[in-house]
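S.K.: Each chain is listed here by its residues.
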Amino acid sequence: MKRITRREFHRLAAAGAIAGAAAATTLAQASLHSPVAPQSQAAAPKPPTKLLLTAEQEKKVQEAIAEREQDIAILRNRMLPYNLEPAFVFHVRSAARRPPVKG
Amino acid sequence: MLSDDVLYMSVRELGSQIKARKIRPVQLTESYLARLEKFGAKLGAVATIPAKHALQLARQAEKEIDAGNYRGPLHGIPFGVKDLLATKGIKTTWGAPPFRDQVFDYDATVIRKLTEAGAILVAKLAMIELAGGGGYSNASASLQGPSRCPFNTDHWAGGSSSGPGAAVPSALVPFAIGSETIGSIITPAAFSGVSGLRPTYGRVSRHGAMALSWTMDKLGPMCRTASDCGLVLDAIAGFDPLDETSVRTPYISRPARRVAPGRAPLDGKRIGVIRPDFKSDGDPEVQMAFTVALETLRGLGAKLEETELPDYPYSAIAVTLYSAEAASIFRPLIQSEKLQQLIDESQKIGLVAALSIPATDYLDSFRLRSQIQTALAKMFERFDVLVAPSRMRPAPRVDADFNVPPAKNTAEKSSDKPTEKPSDKSADKTAVKPAANPPHSDERHSIIAASNIAGLPAISVPCGFTKDHLPVGIQFVAAALADDTCIGFAHNFQKVTDWHQRRPSGF
Numbered sequence: 001m002k003r004i005t006r007r008e009f010h011r012l013a014a015a016g017a018i019a020g021a022a023a024a025t026t027l028a029q030a031s032l033h034s035p036v037a038p039q040s041q042a043a044a045p046k047p048p049t050k051l052l053l054t055a056e057q058e059k060k061v062q063e064a065i066a067e068r069e070q071d072i073a074i075l076r077n078r079m080l081p082y083n084l085e086p087a088f089v090f091h092v093r094s095a096a097r098r099p100p101v102k103g
Numbered sequence: 104m105l106s107d108d109v110l111y112m113s114v115r116e117l118g119s120q121i122k123a124r125k126i127r128p129v130q131l132t133e134s135y136l137a138r139l140e141k142f143g144a145k146l147g148a149v150a151t152i153p154a155k156h157a158l159q160l161a162r163q164a165e166k167e168i169d170a171g172n173y174r175g176p177l178h179g180i181p182f183g184v185k186d187l188l189a190t191k192g193i194k195t196t197w198g199a200p201p202f203r204d205q206v207f208d209y210d211a212t213v214i215r216k217l218t219e220a221g222a223i224l225v226a227k228l229a230m231i232e233l234a235g236g237g238g239y240s241n242a243s244a245s246l247q248g249p250s251r252c253p254f255n256t257d258h259w260a261g262g263s264s265s266g267p268g269a270a271v272p273s274a275l276v277p278f279a280i281g282s283e284t285i286g287s288i289i290t291p292a293a294f295s296g297v298s299g300l301r302p303t304y305g306r307v308s309r310h311g312a313m314a315l316s317w318t319m320d321k322l323g324p325m326c327r328t329a330s331d332c333g334l335v336l337d338a339i340a341g342f343d344p345l346d347e348t349s350v351r352t353p354y355i356s357r358p359a360r361r362v363a364p365g366r367a368p369l370d371g372k373r374i375g376v377i378r379p380d381f382k383s384d385g386d387p388e389v390q391m392a393f394t395v396a397l398e399t400l401r402g403l404g405a406k407l408e409e410t411e412l413p414d415y416p417y418s419a420i421a422v423t424l425y426s427a428e429a430a431s432i433f434r435p436l437i438q439s440e441k442l443q444q445l446i447d448e449s450q451k452i453g454l455v456a457a458l459s460i461p462a463t464d465y466l467d468s469f470r471l472r473s474q475i476q477t478a479l480a481k482m483f484e485r486f487d488v489l490v491a492p493s494r495m496r497p498a499p500r501v502d503a504d505f506n507v508p509p510a511k512n513t514a515e516k517s518s519d520k521p522t523e524k525p526s527d528k529s530a531d532k533t534a535v536k537p538a539a540n541p542p543h544s545d546e547r548h549s550i551i552a553a554s555n556i557a558g559l560p561a562i563s564v565p566c567g568f569t570k571d572h573l574p575v576g577i578q579f580v581a582a583a584l585a586d587d588t589c590i591g592f593a594h595n596f597q598k599v600t601d602w603h604q605r606r607p608s609g610f
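Those protein sequences? They're chains A and B, same order as listed.
When we follow our numbering, the leftmost residue of the first sequence carries the number 1, and every step to the right adds one.
When we follow our numbering, the leftmost residue of the second sequence carries the number 104, and every step to the right adds one.
To be clear, the hints were calculated from the coordinates, so they are not data collected in a lab.
Each hint should be verified, as a subset may be incorrect.
[Stated by the list, open to error] Away from chain A, derived, C-beta distances all over 10 Å, residues of chain B: (1) Glu140; (2) Pro368; (3) Ser468.
[Unchecked claim] In silico EDC-like cross-links for lysine to aspartate or glutamate, where the CA-CA straight-line distance does not exceed 20 Å: (4) B:Lys598 x B:Asp587; (5) B:Lys166 x B:Asp108; (6) A:Lys59 x B:Glu440; (7) B:Lys598 x B:Glu116; (8) B:Lys481 x A:Glu85; (9) B:Lys441 x A:Glu58; (10) B:Lys481 x B:Glu408; (11) B:Lys382 x B:Glu347; (12) B:Lys145 x B:Asp208; (13) B:Lys481 x B:Glu409; (14) A:Lys59 x B:Glu167; (15) B:Lys372 x B:Glu408; (16) B:Lys372 x B:Glu347; (17) B:Lys441 x A:Glu85; (18) B:Lys155 x B:Glu140.
Glycine included, C-beta positions come from ideal geometry on N, C-alpha and C.
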């Protein structure tokens, strides 16, 4: 087997990472233009990462987020005891979970 | 066709008649199908009528009963479901245009259980799109259009279980299954004069139901009597391996206890009264009906004591919990072109905005949920049930803008009393905040938000009507898993009142 230098290894690895990122970008762009989700949520393809909103909607979303920040302040201002755990508990499973029924 | 007197019977009465073979399932099914065809569109109550499928099941039920194989009190009884329950081979639209042609190849557990009990699905009923998860600003936010209150069709039936709200009191079905994340059974029950039960979280399997919030969604019966709610719950409750959050504690529907001579039915029972501030944000006619209902309960022997909920930001917590979960659930839709197919602009904006809820806020809400569970459980050491008006106002008009304060709606659109909506302190004062639970005036009175966060059972039953023939509801909230306690109080209330027996004119 041909041995490579440390410098050469880093160069190849960096090229691979860039290629991976480029591939991911291409895939993301492809999915943006691919057919939209089928009727069933269960069968939906992986979603694109960009929201398809009008400028007016973008503005309203920002307003909504700003308003939520105000409303949620009452929640954030509350001091929670250090040892207060959430009302859900992660639990291990001894057996494999049943596969979901296909829709 | 059977007479209206028969079709307005309770499920229990219909069951007795079927058992005695005085009513035949096929004839009963045909009669309800005819009413669904005749009035369904007028009330905006219906999504799909699977008539062929229903008649096939009715014929099978009739054959079994004739052969002496009577399955129980739901055998041969038609029913409807909110169109978010998966039904094999029948469209399940979730009330939303992007899912208008969606068909599942399996039945939701609730459908399976009811079918096994011999009940007959006759209608998929209308609903607010996606159960209003992103918020909605008017009654038309549904693929099926606005559902109308049968007692006054100028007004909304309530949401998001709108179709059940419209169909049950008009006898298009004897009972229906609705769902509640935060107010979606209690509200249409109040607005349309229905007895609607929101069971304890986990009491009924959610398998096959559209998920809006995994940790807050509940399915429950909407009937014409509280007693019927217990009967239907009996059939649909129970652990389901397909829903890991379903509880293993069995539900036992107890028949009404005999009252000892000289004693009142609610003797010794303790009721905590959550009385909202009607002056700041309520309707005087609702206040009056609620006050009279309290006197009725006192007359039944109950001890009433005014109380308030522990001080928590219930609305902010509830909205954070289910909005974050809804954003995760519907992300494929939110990030697709189909988002724009949704009807209500508030729904679109609300869902998109929910994508940016910080994880820390979601987790903090869940930590506060622990405290709330404990705090509310303590209240039930003092009280058997809590009572409150189901809604502080009667149903808004179908053309009302939910984002406009009631006074403005009134001035612009009708001479009615103020109908719906926000005050400065309310839970949902803008379009983008989900209106599945239209607002309450004060957090210490936010019983719908508080009890949904804690997963507690509640039932709303009619306790009066306004001068515009709009129903008013009272809700009974009990401790977790004490579903039968709520039903018992409501049943006793209905034994001495007749609001639940009123029929809408024209139907």
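S.K.: Each hint should be assessed against the structure and marked as holding or not.
M.R.: So, going through the hints one by one against the coordinates:
The Cβ of Glu140 of chain B sits about 26 Å from the closest Cβ of chain A, beyond the 10 Å cut-off, so the non-interface label holds. With a least CB separation of 35 Å from chain A, Pro368 of chain B remains clear of the 10 Å interface cut-off, as annotated. At the 10 Å boundary, the C-beta of Ser468 of chain B falls inside the reach of chain A, the nearest C-beta of that chain being 7 Å off. For the suggested pair Lys598 of chain B and Asp587 of chain B, the alpha carbons sit about 16 Å apart, so the restraint of at most 20 Å is met.
A hinted pair counts as satisfied when its Cα atoms are at most 20 Å apart, and Lys166 of chain B with Asp108 of chain B does not qualify at roughly 25 Å. Distance hint between Lys59 of chain A and Glu440 of chain B is fulfilled; the C-alpha atoms sit about 18 Å from each other, no more than 20 Å. The suggested pairing of Lys598 of chain B with Glu116 of chain B holds, with an alpha-carbon distance near 15 Å, which does not exceed 20 Å. Only pairs whose Cα atoms come within 20 Å are accepted, and Lys481 of chain B paired with Glu85 of chain A is accepted, the gap being roughly 19 Å.
With a C-alpha separation of about 16 Å, the suggested pair Lys441 of chain B and Glu58 of chain A falls inside the 20 Å cut-off, and the hint holds. A hinted pair counts as satisfied when its Cα atoms are at most 20 Å apart, and Lys481 of chain B with Glu408 of chain B qualifies at roughly 15 Å. A hinted pair counts as satisfied when its Cα atoms are at most 20 Å apart, and Lys382 of chain B with Glu347 of chain B does not qualify at roughly 44 Å. Our distance criterion of 20 Å between C-alpha atoms is broken by Lys145 of chain B and Asp208 of chain B, whose separation comes to about 30 Å.
Distance hint between Lys481 of chain B and Glu409 of chain B is fulfilled; the C-alpha atoms sit about 16 Å from each other, no more than 20 Å. At roughly 61 Å between alpha-carbon atoms, Lys59 of chain A and Glu167 of chain B are farther apart than 20 Å, so this suggested pair is violated. A threshold of 20 Å between alpha carbons decides the hint, and for Lys372 of chain B with Glu408 of chain B the separation of about 11 Å falls inside it, so the pair holds. For the proposed pair Lys372 of chain B and Glu347 of chain B, the alpha carbon gap of about 34 Å is over 20 Å, so the pair is violated.
This hinted pair does not check out: Lys441 of chain B and Glu85 of chain A have alpha carbons roughly 38 Å apart, beyond 20 Å. A C-alpha spacing of about 13 Å is found between Lys155 of chain B and Glu140 of chain B, which places the hinted pair at or below 20 Å, so the restraint holds.
In terms of the numbered hints stated before, the structure departs from hints 3, 5, 11, 12, 14, 16 and 17, listed from lowest to highest.
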